[in-house]
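Sequences are here, hints too, so could you generate the full structure?
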Amino acid sequence: MTRDRGQAPFISGPERKTAPETGEIANYFFYTVILLLLTLAGWLYLSTTVRVDALAVEIYRLELGKEELRREIVQRGAKLAELESLQRVRREAERLGFRPRTRDQQLLVPRRAVPAPSQAGPGPAPEPMGLWQRLSRFLRGGDGADLP
Amino acid sequence: MAPTCPDGLGRQDMDEGISRDVTVYRERVSQTRRITQLLLTLAGALLVLCVRLAYWQLPAHPELDPYRHTQSPESIQPVRGGIVDATGYYLATTSYACRVSCVPSLLGDVDRDALAAQLAEITGLSITRVQAVVNSDEERAVDLVTAAPIEVAAQIDELAKAHGYTWEKGNSLALRAVRQYQRVYPNGELAAHVLGYVDLYDGKGMYGLEQRYLGLLTGREGEMQGVRNPWGYTYRATLGGSTPVQDGPDLRLTLDRNVQYAAERILAQAMLEIGAESGNLLVMEPSTGAVLAMAKRPTYNPSTYWQGVPVAWFNNDLVSMPYEPGSVIKAMTVAAALQEGAIQPNSVYLDEGSIEIGGRPIYNADGQAYGRRSITEMLAYSLNVGAANVAANLGPTSFYQTMRAFGFGEATGIDLAAEAAGVLRVPSQADWSMADFGRNAFGQGFSATPIQVATAFAALANDGMRMRPYLVAEIRGAYRTEMIQPQPVKQVVSPLVAQQTTELLADATELGMREALVDGYRIAGKSGTSSIAMGDAGYENDEVITSYVGYGPLPEPRWVILVKFDKPKVKKWGLESAAPEFRRMFEFLVSYYGVEAGGAPDLAPVAPVIAATATPVPEAAE
Chain B
14 MTRDRGQAPF ISGPERKTAP ETGEIANYFF YTVILLLLTL AGWLYLSTTV RVDALAVEIY
74 RLELGKEELR REIVQRGAKL AELESLQRVR REAERLGFRP RTRDQQLLVP RRAVPAPSQA
134 GPGPAPEPMG LWQRLSRFLR GGDGADLP
Chain X
-12 MAPTCPDGLG RQDMDEGISR DVTVYRERVS QTRRITQLLL TLAGALLVLC VRLAYWQLPA
48 HPELDPYRHT QSPESIQPVR GGIVDATGYY LATTSYACRV SCVPSLLGDV DRDALAAQLA
108 EITGLSITRV QAVVNSDEER AVDLVTAAPI EVAAQIDELA KAHGYTWEKG NSLALRAVRQ
168 YQRVYPNGEL AAHVLGYVDL YDGKGMYGLE QRYLGLLTGR EGEMQGVRNP WGYTYRATLG
228 GSTPVQDGPD LRLTLDRNVQ YAAERILAQA MLEIGAESGN LLVMEPSTGA VLAMAKRPTY
288 NPSTYWQGVP VAWFNNDLVS MPYEPGSVIK AMTVAAALQE GAIQPNSVYL DEGSIEIGGR
348 PIYNADGQAY GRRSITEMLA YSLNVGAANV AANLGPTSFY QTMRAFGFGE ATGIDLAAEA
408 AGVLRVPSQA DWSMADFGRN AFGQGFSATP IQVATAFAAL ANDGMRMRPY LVAEIRGAYR
468 TEMIQPQPVK QVVSPLVAQQ TTELLADATE LGMREALVDG YRIAGKSGTS SIAMGDAGYE
528 NDEVITSYVG YGPLPEPRWV ILVKFDKPKV KKWGLESAAP EFRRMFEFLV SYYGVEAGGA
588 PDLAPVAPVI AATATPVPEA AE
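Here the protein sequences come in this chain order: B and X. The opening position of the first sequence corresponds to residue 14 in the numbering used here, with each subsequent residue numbered one higher. The opening position of the second sequence corresponds to residue -12 in the numbering used here, with each subsequent residue numbered one higher.
Source of the hints: derived by calculation from the structure; they are not laboratory data. For clarity, every value in this text was computed on a predicted model and none was experimentally measured.
Far from chain X by the CB rule (all over 12 Å, computed), these chain B residues:
no., residue
1, L51
2, S60
3, R108
4, G110
Covered by chain B, according to a simulated footprint, are these stretches of chain X (three or more residues, beta-carbon under 8 Å):
no., segment
5, 66 to 79
6, 161 to 175
7, 208 to 216
Each residue gets a CB set at the ideal place from its N, CA and C atoms; glycine is no exception.
Structure below.
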């Protein structure tokens, strides 16, 4: 005996099984796909975020390392400059027994002999001033700023 | 008989079925309602969140400022560019070090002697010095050491923690070790006036190249965008990335540290010998304007500039301190007259012992008359009357035009801070008079800086072409590299006139300024001894400035050397005090650069008088 559900849509027997309808199966499938997609998106988001975060931490660590290296380079550069300095050259030379040159020893090239300053006059012997010149100069006064 | 349904079910079955369907229906309706309510609740919550988000994001909220640091960028300090000499050695560089300071009033009730002992051990300072600071009641930070090795910082931090001092921004307030980039000058006092110094606290360049190239050397700060955790520690970079730091480029100078060292040494020894108040020595290449050495005494160490150095010592007198140059200017007067045809190289004039220009008499230094004299003799014996005579023949207009062309009265444009222009009054100015003209002819009555005087002589040595003096030959860095080319400024006099003047100066040097001569080399130069002006109050009594400016070896001069002493106690003539130092410097240069002798006439040797002129002096205190 078959049931005509079209004739008695609201009547069901007690032994009747609640088999899923086609629409419900589609719904279940739809929600399952949505859930899967959401899960996938969530997984993608989380994995990407974690990856990005990990990279950001790594970048930060590298930045710090770079800065540390930069400081070390600067320190070593300064140390190198100090080691190359003339002050150190002089210090080391003195430690090895060298002494700075005296003023005479500084004459590297044979010097041309010159008259001693006391002997080096202002030049040629001046011509004697005449009376008129002396009188004229006396009347006009001197200028303190006309040195050679 | 109980009614039956068409499909044969009983009434009871039908009722149960209907009842079940109604229940299912009601459940479905209820479920839909609940879902709708949930969705509405969620939507409402989302709306609230959106509104809240917009509230915090869109308008400004000053109350959030204190929390800004949780995601604020961290600045990366640029490293100040170094300064290297022509041979590539650092004259100024930067180190990463720490500055240790303490605020004695905040040290609290600790055993200060024990603390001082610990600090002395860490910093390497004497315990008495540390005790003096620690036991005081000073309320401001006192520096214990300004440039300690960076390892010291961690030890100071440990010490501060052990004493439980209050911390703020990574440093304890009472006892702190500030980690920072610091300027170091590995050669100490060498070229201090060229370099200047960097202020320890604000990092600002002061004087010299440090000030002149402040913006360039400093570089550009970078930013490291980081995210901080709730405890305030940055643990990751942001997606925005960082702004890269731009370190300052290095400056390579024309200055050679060995020449500079020799110049400073010669200057220091000479000053000790003649008791001068201060002295300058400049070495310059006439063909390019490149400065090879620029020395000044007294000097200071830029690494410890704060240790009781008089402010005047910081000035680079060679570019900042005009003086009346005196007789060295006679070379320019002669060049101007030759240029205008007012005289010829073989001209003679009559020296009557005085000449009046603008109603003011001019005499020779010794007040004597010398009769008929050549231009060479006028230069050799530095006769003021002769110079005034030449200027009178030339006329003021041409004289001042040429003097301006030589660069007097205007800054040379050298790349150093605080260059002075000097004062040269010209006929168009109201305060100029003909009396000025007569005095200007032999270098009095106007002022010029040593660099201006040296540049003018360099023009004569360079076939009349004046070059801009300069110190920085190259700027080299990761972001900028530039070669600085020599800059011609002006053809002051014709090459012929420059050569004629050079010959006259060389002959004059051989005739009357032999103290400057070096065997085997032909040198042109002029000595000067000038009175020291006191503004409008006339001139200082018994105090002079002595100088010698010369160039060689001829015929192709490689160096212009200027030597100048202020207020020497002995040897008060330029010829006595400055010319021998010129010779010493020249001797060093020909030896250092390996320039072979040649070009000088073979003069008959004179009996050596080394004992008389080169008295051994004690080692100069440098």
